[in-house]
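Trainee: Those protein sequences? They're chains A and B, same order as listed.
Our numbering numbers the first residue of the first sequence as 1 and each following residue consecutively.
Our numbering numbers the first residue of the second sequence as 1 and each following residue consecutively.
There's no promise every hint is true.
It does not matter which identical chain is meant; a pair holds if it fits inside one copy or across any two.
Claimed, not checked - With a Cα cut of at most 16 Å, we get these calculated EDC-like pairs of lysine to aspartate or glutamate:
1) K357 - E25
2) K151 - E24
3) K144 - D407
4) K383 - D358
5) K114 - E391
6) K222 - E425
7) K151 - E25
8) K357 - E395
9) K383 - E115
10) K359 - E402
11) K41 - D72
12) K383 - D259
13) K151 - E258
14) K339 - E258
If you're looking for bench data, these hints aren't it; they were derived computationally from the structure.
Number of protein chains: 2
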Amino acid sequence: MNNAIGVGLLGLGTVGSGVVKLLEENAPRIFQLIGRRVEIKRILERNPEKARLLGIPPEVLTNRFEDILEDDDIQVVIELLGGIEPARTWMLDALRRGKHVVTANKDVVADYGKELFEAAAAGNADFYFEASVGGGIPIIHALKENLSANKIEEVIGIVNGTTNYILTRMAEESVDFQSVLRSAQEAGYAESDPTADIEGHDAARKIAILASIAFNTRVTTKDVFVEGITKIAPEDINYARELGYVIKLLAIARDNNEDIEVRVHPAFLPQEHPLASVNGVFNAIFVRGNAVGETMFYGQGAGQMPTASAVFGDVMEIVRNLESGSTGRFACTCFLDRKICPIGQIHSKYYLRLIVKDKPGVLASIAGVLGNHQVSIASVIQKRTLAVEGEMRAEIVLITHEVLEQDIQDALTVLKGLSIISSVENVIRVEGGSKI
Amino acid sequence: MNNAIGVGLLGLGTVGSGVVKLLEENAPRIFQLIGRRVEIKRILERNPEKARLLGIPPEVLTNRFEDILEDDDIQVVIELLGGIEPARTWMLDALRRGKHVVTANKDVVADYGKELFEAAAAGNADFYFEASVGGGIPIIHALKENLSANKIEEVIGIVNGTTNYILTRMAEESVDFQSVLRSAQEAGYAESDPTADIEGHDAARKIAILASIAFNTRVTTKDVFVEGITKIAPEDINYARELGYVIKLLAIARDNNEDIEVRVHPAFLPQEHPLASVNGVFNAIFVRGNAVGETMFYGQGAGQMPTASAVFGDVMEIVRNLESGSTGRFACTCFLDRKICPIGQIHSKYYLRLIVKDKPGVLASIAGVLGNHQVSIASVIQKRTLAVEGEMRAEIVLITHEVLEQDIQDALTVLKGLSIISSVENVIRVEGGSKI
């Protein structure tokens with residue numbers, strides 16, 4: 001009697017191959033834990049070479065999604081194609097037909113979560129996506145289940161390995177962004193088109209997913225304020241160190257009680273913060289709940305086997321649901337309709353680095369403009385003078401107290417119009433200060 | 001129609017009061033998530049004052065466990081009494097009667113897990129114990145569910161807040177163990193009888209629980225090798241820092257393929273290890289799986305609300321099981337019978353601090369003895385001379401390469417017999433070196 005759970009795999013790329021390998025290596029343990037064999041029955045993949053290298057018989061491969069959709073022996077579809085289409089349509093079709101779906105596809109989950117959950121409900125099927133955020137780190141289950149007795153106050157993630165690798169190397173080697181990016185590309189840690197990573201879009205999708213779960217309200221990519229790391233200079237990293245901070249690309253979801261903030265941007269983070277020592281390609285997600293307090297989940301945010309671990313964890317969950325007759329045990333949890341705080345309305349501290357004319361009274365003028373906009377200064381560093389176009393300039397670094405973002409932006413507009421200001425080199429939000 | 005889930009609470013101490021408060025604060029959210037109200041129907045507590053302060057009506061209190069056991073409106077029993085009896089008997093009775101049980105009681109879970117799971121199976125009830133290890137950190141669910149596709153290679157925990165607080169303060173302030181212990185007792189971070197914490201017994205119970213889950217084999221407290229932190233001196237901490245390490249009380253469960261190692265002892269840990277920056281009363285559990293690689297789970301390992309968060313997370317899990325008809329979804333996972341590696345058979349690096357006569361040839365003699373026992377030396381520090389009983393002595397610090405524990409113990413026996421050795425001041429295992 002063959003009581004195996006049949007799986008259809010969409011895509012035999014890096015992660016897909018990892019799923020095949022993981023099942024091969026850990027099959028006895030998996031069988032003992034869930035009491036059913038798991039069998040990959042069909043694989044949608046155009047390149048037969050990939051299958052041959054893994055020893056997969058050619059008849060398992062197909063080019064037609066229908067071969068998976070219409071096969072009644074396939075109960076679970078693992079979607080690892082990436083991108084919106086055809087992944088979105090195929091997942092919807094599979095769910096409506098009652099096939100359970102596991103995906104690592106952050107793009108689709110971030111923007112089409114609602115319709116996917118509706119399709120799952122219509123088909124009485126399970127929809128799981130642990131691998132879409134944080135690779136092998138079980139952050140989605142933690143938020144949906146283990147921490148669910150908490151009102152979640154904030155989720156702060158380092159959820160993009162490429163940018164964390166670049167910022168870590170910039171800090172360790174005092175080199176500029178472009179050179180680290182180039183060597184990261186050569187080493188395979190950054191894509192040839194790195195836009196989605198370095199401009200923060202990848203992190204934005206992930207925090208949209210986490211915010212939706214944490215705050216029980218639907219958040220999609222367009223709701224997320226995004227700023228990348230391309231403007232971060234070695235000078236900023238050095239000043240950060242001097243002031244007791246590190247610079248990280250943070251994905252932040254915060255409940256400020258009135259509305260919720262969802263944003264991705266580089267930020268100063270105190271060196272003592274648990275996220276500050278998360279380096280290289282590692283990811284970590286910091287969660288503060290009203291009962292549990294501060295927690296953090298750390299691990300490899302990408303890569304073949306860590307992602308396969310999360311995918312297969314979800315498959316095992318689905319099998320447990322099948323075995324215990326509890327399919328649909330976890331469905332959509334977005335039962336609220338929270339408002340998103342516009343970026344101008346957030347409160348934060350700010351780091352400003354300005355190049356100014358090296359004259360008496362300059363600092364007084366800057367402080368005056370800031371004061372007129374309710375921006376008060378917490379600390380100032382002025383120590384470097386430099387020649388720009390034959391004239392001497394001074395570099396001034398300021399950290400503000402907590403202020404309204406709109407006020408600081410208005411003040412900057414005025415500052416940029418002053419003849420004493422050569423340039424506003426950078427403006428970076430400062431996180432994790434008061435509460436840590 | 002009252003469709004509330006009835007709860008019986010055993011013990012209204014710190015955590016019990018936390019559970020009551022958490023339910024009060026987060027009740028609307030909890031109801032929306034699980035679709036059922038949760039109502040604490042009876043509380044077993046001898047001190048009515050505790051209930052009065054929380055605004056609990058007197059008729060909810062009882063002195064008799066039977067009032068909870070025999071009440072058919074109570075489906076879930078939360079056990080927060082601590083200690084072995086009567087907690088063990090009452091949990092067994094409740095489970096056999098078909099009442100689901102949630103506990104934070106590491107003592108009972110570590111040593112009576114088998115009979116508790118048998119009772120749960122007999123009563124078709126759920127038995128959950130997330131709060132028994134790591135307070136609010138969802139490590140048990142992570143190991144049982146999300147990471148379950150992995151073969152777990154090692155679990156290394158900082159799972160005792162008291163000892164981590166003491167070691168952190170010793171490192172930050174260069175003071176000795178006894179003075180930090182006294183001030184920790186005054187501040188309420190250490191019990192008046194601190195034995196269970198400082199001698200490692202508390203951590204031993206927790207690692208017995210984690211090892212049982214990680215390796216699918218029953219491990220109880222008596223299987224765990226235990227050594228406390230009372231012999232750690234400021235000198236050891238300073239040498240550790242100089243050599244690039246920190247000293248932590250580690251609870252280690254490792255699969256060395258042949259058998260499993262389960263032990264609690266202070267250890268040198270490289271400063272770059274994710275666990276090295278876990279300070280103060282925080283806990284963290286580092287898990288290495290064959291697919292997921294390195295992960296870490298960090299948070300408050302004790303305290304009223306973090307522990308209540310874990311307890312209530314389990315209650316919600318039970319309600320989800322009731323709602324989806326999947327009670328018994330998670331049962332005992334100890335289906336293997338792995339052997340425990342005797343401490344003499346482990347392989348480790350060692351730090352040795354010796355006080356020796358300050359004479360030529362002493363280091364050669366020590367190296368000779370070690371060499372005779374297959375112990376090779378990785379690094380040596382000798383820089384301090386001190387007067388002992390009117391004679392000049394030298395302090396020698398050695399780090400060995402990885403060797404068999406029995407060999408180092410045999411070598412130490414010989415060294416202690418040499419007239420040139422005044423004393424073996426400390427021997428500390430060095431962890432996390434080669435693989436990190």
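Trainee: A separate judgement is required for each hint: does it hold in the structure or not?
Mentor: Structure-based check of each hint:
In the homo-oligomer, the alpha carbons of K357 and E25 never lie at most 16 Å apart, since the shortest distance is 65 Å inside one protomer and 55 Å across protomers. For the homomeric pair K151 and E24, the shortest alpha-carbon distance between copies (12 Å) is at most 16 Å, but the shortest distance inside one copy (40 Å) is not. With identical chains, the CA atoms of K144 and D407 are never at most 16 Å apart, being 37 Å at best within one copy and 49 Å at best between copies. In this homomeric assembly, K383 and D358 come within 16 Å of each other (Cα to Cα) only inside a single copy, at 11 Å, whereas the closest approach across copies is 52 Å.
Taking the shortest Cα distances, K114 and E391 never come within 16 Å of each other, neither inside one copy (58 Å) nor across copies (79 Å). For a Cα distance limit of 16 Å, the shortest separation of K222 from E425 qualifies neither inside one copy, at 28 Å, nor across copies, at 62 Å. When the C-alpha separation of K151 and E25 is checked against a cutoff of 16 Å, the pair qualifies only between copies, where the shortest distance is 9 Å, while the shortest distance within a copy is 39 Å. Taking the shortest alpha-carbon separations for K357 and E395, only the intra-copy value of 9 Å comes in at or below 16 Å, while the best inter-copy value is 59 Å.
Proximity of K383 to E115 under the C-alpha cut-off of 16 Å is found in neither arrangement, the shortest distances being 56 Å within a copy and 69 Å between copies. In this assembly of identical chains, the alpha carbons of K359 and E402 never lie at most 16 Å apart, being 29 Å within a copy and 63 Å across copies at closest. Proximity of K41 and D72 under a CA criterion of 16 Å is satisfied intra-copy only: 11 Å inside one chain copy versus 47 Å between copies. Taking the shortest alpha-carbon separations for K383 and D259, neither the intra-copy value of 41 Å nor the inter-copy value of 61 Å comes in at or below 16 Å.
In the homo-oligomer, the alpha carbons of K151 and E258 lie at most 16 Å apart inside one protomer (14 Å), although the nearest pairing across protomers, at 45 Å, exceeds that limit. Taking CA atoms no more than 16 Å apart as the test, K339 paired with E258 passes inside one copy only; the shortest distance there is 8 Å, against 56 Å between copies.
In summary, the structure is inconsistent with hints 1, 3, 5, 6, 9, 10, 12 from the numbered list given earlier, while agreeing with the others.
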